[in-house]
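Listed below, chain by chain, are the residues.
There are 2 protein chains.
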Amino acid sequence: MVRGRISRLSVRDVRFPTSLGGHGADAMHTDPDYSAAYVVIETDAEDGIKGCGITFTLGKGTEVVVCAVNALAHHVLNKDLKDIVGDFRGFYRQLTSDGQLRWIGPEKGVVHLATAAVLNAVWDLWAKQEGKPVWKLLVDMDPRMLVSCIDFRYITDVLTEEDALEILQKGQIGKKEREKQMLAQGYPAYTTSCAWLGYSDDTLKQLCAQALKDGWTRFKVKVGADLQDDMRRCQIIRDMIGPEKTLMMDANQRWDVPEAVEWMSKLAKFKPLWIEEPTSPDDILGHATISKDPGYSTEMKEESVKKHQYPDGEVWKKLLPAQEN
Amino acid sequence: MVRGRISRLSVRDVRFPTSLGGHGADAMHTDPDYSAAYVVIETDAEDGIKGCGITFTLGKGTEVVVCAVNALAHHVLNKDLKDIVGDFRGFYRQLTSDGQLRWIGPEKGVVHLATAAVLNAVWDLWAKQEGKPVWKLLVDMDPRMLVSCIDFRYITDVLTEEDALEILQKGQIGKKEREKQMLAQGYPAYTTSCAWLGYSDDTLKQLCAQALKDGWTRFKVKVGADLQDDMRRCQIIRDMIGPEKTLMMDANQRWDVPEAVEWMSKLAKFKPLWIEEPTSPDDILGHATISKDPGYSTEMKEESVKKHQYPDGEVWKKLLPAQEN
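Same order as they appear, the protein sequences are chains D and X. Note that my numbering has the first sequence beginning at 5, numbered continuously upward. Note that my numbering has the second sequence beginning at 5, numbered continuously upward.
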């Protein structure tokens with residue numbers, strides 16, 4: 005049972021000078037200082053539990069996200085956590101649909117990042133009060149409660165609350181076994197840490213060798229700034245990891261659509277599983293065009309449309325029909 | 005000839021309590037305080053000319069846009085206006101593609117609004133130094149110079165710089181006559197000022213009568229909060245303006261796709277020219293679905309896809325092929 009009233013929200017601008025080592029560099033973000041807006045919420049309950057939430061930024065501009073968190077704070081302060089948890093969708097709507105603030109979003113950019121930091125802190129507080137990590141809170145949650153946390157605005161034409169509930173209810177079968185399996189074997193992950201664009205070939209080789217030694221089987225490489233450079237680096241990685249292990253690529257929105265098609269026709273020989281963010285992340289039909297180009301393997305064609313880091317469900321819902329056309 | 009080096013950029017948070025009178029209210033923004041981040045740039049030239057630029061906000065959150073303007077200021081300060089004007093595309097790219105700041109955009113929401121306020125101030129300064137209003141600066145500009153101001157990133161698959169140049173060069177024919185005609189007769193505009201959602205029927209009638217007296221022939225009405233209310237208000241306006249004058253509708257992103265189709269099938273009898281922002285502004289395929297619904301007149305079907313207030317060229321480029329499918 006959750007408890008307490010939100011009595012304080014504080015937010016810090018936390019920065020790390022990662023650009024000094026070229027860490028995190030890609031074709032569009034060449035000198036990132038990996039940073040965060042760090043939100044802490046406290047309650048008047050006597051347990052002393054705090055909820056912490058961050059959103060990731062690249063250095064400059066973190067103060068703008070901090071400013072937006074402060075603008076949102078009044079939607080959280082003085083609320084009973086019980087009331088938030090009892091109507092999470094309503095709480096989400098309040099944060100995202102404030103009649104004045106949504107104008108500078110909506111659900112995009114700075115306001116999106118600020119909202120996420122606040123929501124992450126609330127989820128963290130909720131889970132800590134229940135004595136669980138967030139994933140376990142979600143896994144244990146009744147499907148009806150889980151869908152009640154989600155705002156289906158703008159996606160009901162492809163997924164309604166009832167559809168989602170049915171999917172989750174079907175998923176109850178075998179859930180315990182899957183949880184056990186996950187706890188024993190872990191969830192498959194990939195590493196990007198070897199292949200930032202700011203790294204020399206020597207650093208790339210050294211980190212890739214270490215990652216192989218540590219048991220990694222999936223590797224992502226940043227591409228898109230210089231084709232010859234990309235071809236050399238992809239060759240190095242593919243040679244080191246061999247033909248069986250998985251290689252992914254990420255252009256971080258660098259290309260125009262025809263440029264993406266041309267560039268990827270040259271990189272296809274390194275057998276990437278996907279190309280991530282080949283162009284503007286909002287260009288659904290552009291992604292469909294790129295994915296349909298005959299220069300790629302079938303496998304890649306499928307994944308290149310499916311796998312992108314998008315800000316909201318809105319974009320996901322459009323990728324599927326666009327691909328089917 | 006432009007002159008001077010940008011020596012100062014200041015930005016103010018200007019607010020007006022328009023919500024007190026229900027001015028500007030729509031289905032999503034029920035209590036807007038029409039406001040602005042107001043940017044002023046100065047140069048070290050002796051003419052004392054300042055460039056002013058604003059972007060429009062709804063009250064709360066204007067301080068976040070102000071914060072973002074300050075984060076962008078270093079891309080403008082100490083630059084020669086001559087250098088900015090000589091490579092406007094490069095200047096635009098610097099503002100929108102800062103390797104750290106673009107992460108909290110890119111070209112969306114707060115950063116988009118802040119960038120626009122700064123760019124508006126630069127255009128204003130440029131035009132004032134040339135002794136012209138901005139429209140005249142643009143009209144008189146050599147087509148090659150004009151296209152050189154535009155960043156074609158992400159749109160070259162539907163419009164290249166060469167395509168745009170050809171359009172503008174063809175447009176040179178008859179330009180003088182069109183300019184004369186425009187100066188003599190004005191550019192057709194519509195009014196939204198009668199029909200904010202916050203107005204009573206009496207206020208609506210009074211303002212509509214006044215607008216007709218003032219010679220307006222095109223009227224936009226806010227819809228989307230309550231269907232019965234919309235039907236009553238649309239009936240009042242259509243009765244007052246008669247069958248020949250133009251009526252437009254604007255739902256300000258209120259509906260899901262099926263909801264938009266259902267709602268507009270009820271409002272179609274008032275013969276709207278278009279429905280603006282029926283759903284999420286990013287949902288291209290959703291807009292295509294809504295526009296293809298047989299509940300509308302042919303005229304409306306065309307316009308509902310063409311006419312939307314979108315943040316960038318990216319969205320426009322996608323509307324056209326989506327409509328053709």
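Heads up, a few of these hints could be off.
Heads up, the list lumps identical chains together, so a pair's fine if it works in one copy or across two of them.
Derived SDA-like pairs (lysine to any residue); straight-line CA-CA distance at most 25 Å [claimed, not checked]:
1) Lys140 <-> Thr293
2) Lys296 <-> Val162
3) Lys209 <-> Gly178
4) Lys180 <-> Asp155
5) Lys180 <-> Ala49
6) Lys179 <-> Met145
7) Lys83 <-> Met32
8) Lys270 <-> Thr164
9) Lys83 <-> Thr34
10) Lys275 <-> Pro262
11) Lys174 <-> Gln189
12) Lys296 <-> Val44
13) Lys270 <-> Val162
Bear in mind the hints are in silico, worked out from the structure with no lab data behind them.
Verification of the supplied hints:
When the C-alpha separation of Lys140 and Thr293 is checked against a cutoff of 25 Å, the pair qualifies neither within a copy, at 39 Å, nor between copies, at 39 Å. In this assembly of identical chains, the alpha carbons of Lys296 and Val162 lie at most 25 Å apart whether taken from the same copy (23 Å) or from different copies (17 Å). When the C-alpha separation of Lys209 and Gly178 is checked against a cutoff of 25 Å, the pair qualifies neither within a copy, at 42 Å, nor between copies, at 63 Å. Within a single copy, Lys180 and Asp155 get their C-alpha atoms no closer than 27 Å, and across copies no closer than 53 Å, so neither meets the 25 Å cut-off.
In this homomeric assembly, Lys180 and Ala49 never come within 25 Å of each other (Cα to Cα): the closest approach is 33 Å inside a single copy and 73 Å across copies. Proximity of Lys179 to Met145 under the C-alpha cut-off of 25 Å is restricted to the intra-copy arrangement: shortest distance 12 Å within a copy versus 66 Å between copies. Taking the closest pair of Cα atoms, Lys83 and Met32 come within 25 Å of each other only across two copies (23 Å); inside a single copy the shortest separation is 40 Å, beyond that limit. Only between protomers do Lys270 and Thr164 lie at most 25 Å apart by alpha-carbon distance; the minimum there is 23 Å, versus 41 Å within a single protomer.
In this assembly of identical chains, the alpha carbons of Lys83 and Thr34 lie at most 25 Å apart only when taken from different copies (23 Å versus 41 Å within one copy). Taking CA atoms no more than 25 Å apart as the test, Lys275 paired with Pro262 passes inside one copy only; the shortest distance there is 20 Å, against 41 Å between copies. Proximity of Lys174 to Gln189 under the C-alpha cut-off of 25 Å is restricted to the intra-copy arrangement: shortest distance 23 Å within a copy versus 66 Å between copies. Taking identical chains as interchangeable, the C-alpha atoms of Lys296 and Val44 are never at most 25 Å apart, the minima being 45 Å within one chain and 48 Å between chains.
Taking CA atoms no more than 25 Å apart as the test, Lys270 paired with Val162 passes between copies only; the shortest distance there is 23 Å, against 36 Å inside one copy.
Of the numbered hints given earlier, the model fails hints 1, 3, 4, 5 and 12; all others are met.
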